[in-house]
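Let the sequences and hints guide you as you build the complete structure.
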Amino acid sequence: MAIVFRTIWVIAYRELLRFVQDKPRMFSSFSMPIIFLIIFGAGFGRLIGQMMPGVDYIQFMYPGILAMTVLMTSVMSGVSIVWDREFGFLKEVLVSPLSRSGVLAGKAVGAAIIAIIQGAIMLVLAPIVNVPINLGTVLALLPLLLILSLTLSGLGLLIGARMRSQQGFQIVMQLVIFPMMFLSGIFFPVSGVATWLEVLSKLNPVTYGIDAIRQVFLGTEVAGVTVFGHTMGIVDSAIVVAMVGVVFLTIAIWAFNKQE
Amino acid sequence: MDVIEASNLVKRFGELEAVKGVSFSVKEGEIFGFLGPNGAGKTTTINILCTLLKPTDGQAKVNGYDVIKERSQVRQSIGLVFQEPSLDDYLTAEQNLRFHGYAYGVPKNVLEPRLKELLEMMELWDRRKGKINTYSGGMKRRLEIARGLLHHPRVLFLDEPTLGLDPQTRRRIWDYIHDLRKRENLAIFMTTHYMDEAENCDRIAIIDYGRTVALDTLEKLKDGVGGDVISVKTEDNEEAMRLLEGQYKLKPGIENGIISFTVPHGEEFLPKFVSGFPLRLLSIGLRRPTLEDVFLKLTGRNIREQEVDSMQQMKNMARMRGH
Numbered sequence: 001m002a003i004v005f006r007t008i009w010v011i012a013y014r015e016l017l018r019f020v021q022d023k024p025r026m027f028s029s030f031s032m033p034i035i036f037l038i039i040f041g042a043g044f045g046r047l048i049g050q051m052m053p054g055v056d057y058i059q060f061m062y063p064g065i066l067a068m069t070v071l072m073t074s075v076m077s078g079v080s081i082v083w084d085r086e087f088g089f090l091k092e093v094l095v096s097p098l099s100r101s102g103v104l105a106g107k108a109v110g111a112a113i114i115a116i117i118q119g120a121i122m123l124v125l126a127p128i129v130n131v132p133i134n135l136g137t138v139l140a141l142l143p144l145l146l147i148l149s150l151t152l153s154g155l156g157l158l159i160g161a162r163m164r165s166q167q168g169f170q171i172v173m174q175l176v177i178f179p180m181m182f183l184s185g186i187f188f189p190v191s192g193v194a195t196w197l198e199v200l201s202k203l204n205p206v207t208y209g210i211d212a213i214r215q216v217f218l219g220t221e222v223a224g225v226t227v228f229g230h231t232m233g234i235v236d237s238a239i240v241v242a243m244v245g246v247v248f249l250t251i252a253i254w255a256f257n258k259q260e
Numbered sequence: 001m002d003v004i005e006a007s008n009l010v011k012r013f014g015e016l017e018a019v020k021g022v023s024f025s026v027k028e029g030e031i032f033g034f035l036g037p038n039g040a041g042k043t044t045t046i047n048i049l050c051t052l053l054k055p056t057d058g059q060a061k062v063n064g065y066d067v068i069k070e071r072s073q074v075r076q077s078i079g080l081v082f083q084e085p086s087l088d089d090y091l092t093a094e095q096n097l098r099f100h101g102y103a104y105g106v107p108k109n110v111l112e113p114r115l116k117e118l119l120e121m122m123e124l125w126d127r128r129k130g131k132i133n134t135y136s137g138g139m140k141r142r143l144e145i146a147r148g149l150l151h152h153p154r155v156l157f158l159d160e161p162t163l164g165l166d167p168q169t170r171r172r173i174w175d176y177i178h179d180l181r182k183r184e185n186l187a188i189f190m191t192t193h194y195m196d197e198a199e200n201c202d203r204i205a206i207i208d209y210g211r212t213v214a215l216d217t218l219e220k221l222k223d224g225v226g227g228d229v230i231s232v233k234t235e236d237n238e239e240a241m242r243l244l245e246g247q248y249k250l251k252p253g254i255e256n257g258i259i260s261f262t263v264p265h266g267e268e269f270l271p272k273f274v275s276g277f278p279l280r281l282l283s284i285g286l287r288r289p290t291l292e293d294v295f296l297k298l299t300g301r302n303i304r305e306q307e308v309d310s311m312q313q314m315k316n317m318a319r320m321r322g323h
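These protein sequence lines are chains A and B, in that order.
Okay, so the first sequence: first residue is 1 according to our numbering, each after it adds one.
Okay, so the second sequence: first residue is 1 according to our numbering, each after it adds one.
Heads up, a few of these hints could be off.
[As the list claims (entries may be wrong)] Derived pair list, reagent style DSBU-like, types lysine-lysine, alpha-carbon separation capped at 30 Å:
hint : chain 1 : residue 1 : chain 2 : residue 2
1    : A       : K91       : B       : K129
2    : A       : K91       : B       : K54
3    : B       : K20       : B       : K297
4    : B       : K108      : A       : K23
5    : B       : K131      : A       : K91
6    : B       : K54       : A       : K258
7    : B       : K297      : B       : K27
8    : B       : K116      : B       : K27
9    : B       : K129      : A       : K23
10   : B       : K182      : B       : K140
[Claimed, not checked] Label pairs and their in silico Cβ distance ranges:
hint : chain 1 : residue 1 : chain 2 : residue 2 : range
11   : A       : A2        : B       : D66       : 15 to 25 Å
12   : B       : W125      : A       : G45       : 50 to 60 Å
13   : B       : W125      : A       : G136      : 49 to 59 Å
It is worth saying that the hints were derived from the structure and are not from the lab.
Since the structure is predicted, the reported quantities are computational estimates derived from the model, not experimental observations.
Glycine is no exception: its CB is placed at the ideal position from the N, C-alpha and C atoms.
And the structure:
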């Protein structure tokens, strides 16, 4: 067991070291969420604002943008296992006495820490877009961001566990990240849209992560996904995300161990 | 003591039998070479010994540990330098080594002096804070050797350690390897398809199509060829071949207009041959057999070095262009 913990910290340590050294990556994971916040805010703000009286669209969107930062960072760090495989570094890890399962867990932990750092930096924007923020909000957000990013890096690892080349990256972006992003309630509420869209959104674990984050910021009036007549609270949503995460990581570890 | 014992290793990938019952043992402190053309099963054998692949059949022990049942002890006992680079390009040399130290659980008070010692030995100490993507091919290889040694392994595996490097760098890498053999009491297991490099080994196993066709010291392998190699060029090579086969009862071969054959005690044979040979000789040479001759004699083929080299170069170039 000790070896698993050592593996997790060694692998997470390297992820962090790389993150600190790779400055372009640090900026690139911010650029898209911020661009969305500005453009969608300016473009749709007035239109959608009329549909939700009392809530400014940017305020509505901001919690989702925070989650989007976490989404991008986590999934991509998960898929970074493909990089390691392609550039040979994975071999160095695999012939070492480190534990196979710990390698994936360490990647997820590293990704989660990075995602939280990125998320924390995004919090600086909150006052600028008039989103109320205080110590209580931040403390409530931390565990939510942690759970969400562990789950999403679990997804990235699941995708990357078997992937052999980087060509897969583009496909992952287009077929996984973008649909997950748009069908998660970042830009519009998941209720009151076409039924198929609503069903897809409710199958998306990111929806629950975003909803919980939104509830932390804006209270239960604007948020709350209803599943089978039950309106999900913060804790409910967090449990759903965590459970999906456990499933993702378990399958990822199984697939990875079998492959390597 | 034997640090590697392999008996009857077999590895099948579906239909393909890459390794067909290879057996050998490597002693403490020796440089053991695995020589053969690409695709002969060298890397597969290394991968079995370093626990990356499970053998289909047979057994192997490294440092006394079973490669199937005691994987983590085996991993702790070995250092590896792969054919393809396996460094983290975005980290510095020092960071790569530290990661390795943590991964192998090297205690902090051992790690730092060891790291310095190895980087100095490989002449990389001044560049320790440089990122790997600024390193040349030779520097990377040296750093990988340093990394492989960091946790005091009992066996260092080098899979084609000088592949893709220029001759000067290759020579330097060899200087380092000889130097480190003197300093550290470890066995070195290496694969190569370069004949001249195999000459650095204490013992050599020649492997072809998944089987060991010979295993001995360099001298004994060369003695096995049956004496010295004489090469002659005559004004009528066809007639000369006939004479050599008939009258002299030799087994000559011809390549690029030069006839070569093996005779025992070449120095004594040469003067008699020159005075007695009926055709006019244009040139004549005598040399000790090389591993190339050994390989030719054992397998009836050249080691396909040319073809392999150009393929590898293409692969390396594709890699440098970033795929």
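Cross-check of the supplied hints:
A hinted pair counts as satisfied when its Cα atoms are at most 30 Å apart, and K91/A with K129/B qualifies at roughly 23 Å. Restraint check for K91/A and K54/B: satisfied, since their Cα atoms lie roughly 15 Å apart, inside the 30 Å limit. For the hint linking K20/B to K297/B, the alpha-carbon distance of about 21 Å falls within 30 Å, and the restraint holds. Of the pairs offered as hints, the one joining K108/B and K23/A holds, with about 29 Å between alpha carbons and a cut-off of 30 Å not exceeded.
Proximity of K131/B to K91/A is assessed by CA-CA distance (about 20 Å); at most 30 Å being required, the pair is judged to hold. Under the criterion of a C-alpha separation no larger than 30 Å, the hint pairing K54/B with K258/A is consistent with the structure, at around 12 Å. Under the criterion of a C-alpha separation no larger than 30 Å, the hint pairing K297/B with K27/B is consistent with the structure, at around 27 Å. Restraint check for K116/B and K27/B: the C-alpha separation of about 29 Å stays at or below 30 Å, so the hint holds.
For the hint linking K129/B to K23/A, the alpha-carbon distance of about 17 Å falls within 30 Å, and the restraint holds. A hinted pair counts as satisfied when its Cα atoms are at most 30 Å apart, and K182/B with K140/B qualifies at roughly 22 Å. One distance hint, 15 to 25 Å for the beta-carbon pair A2/A and D66/B, holds here, with the actual separation near 22 Å. The hint said 50 to 60 Å for the Cβ distance between W125/B and G45/A, and at roughly 58 Å that hint holds.
Our hint of 49 to 59 Å for W125/B and G136/A holds, since their Cβ atoms are close to 52 Å apart.
Taken one by one, the earlier hints all hold for this structure without exception.
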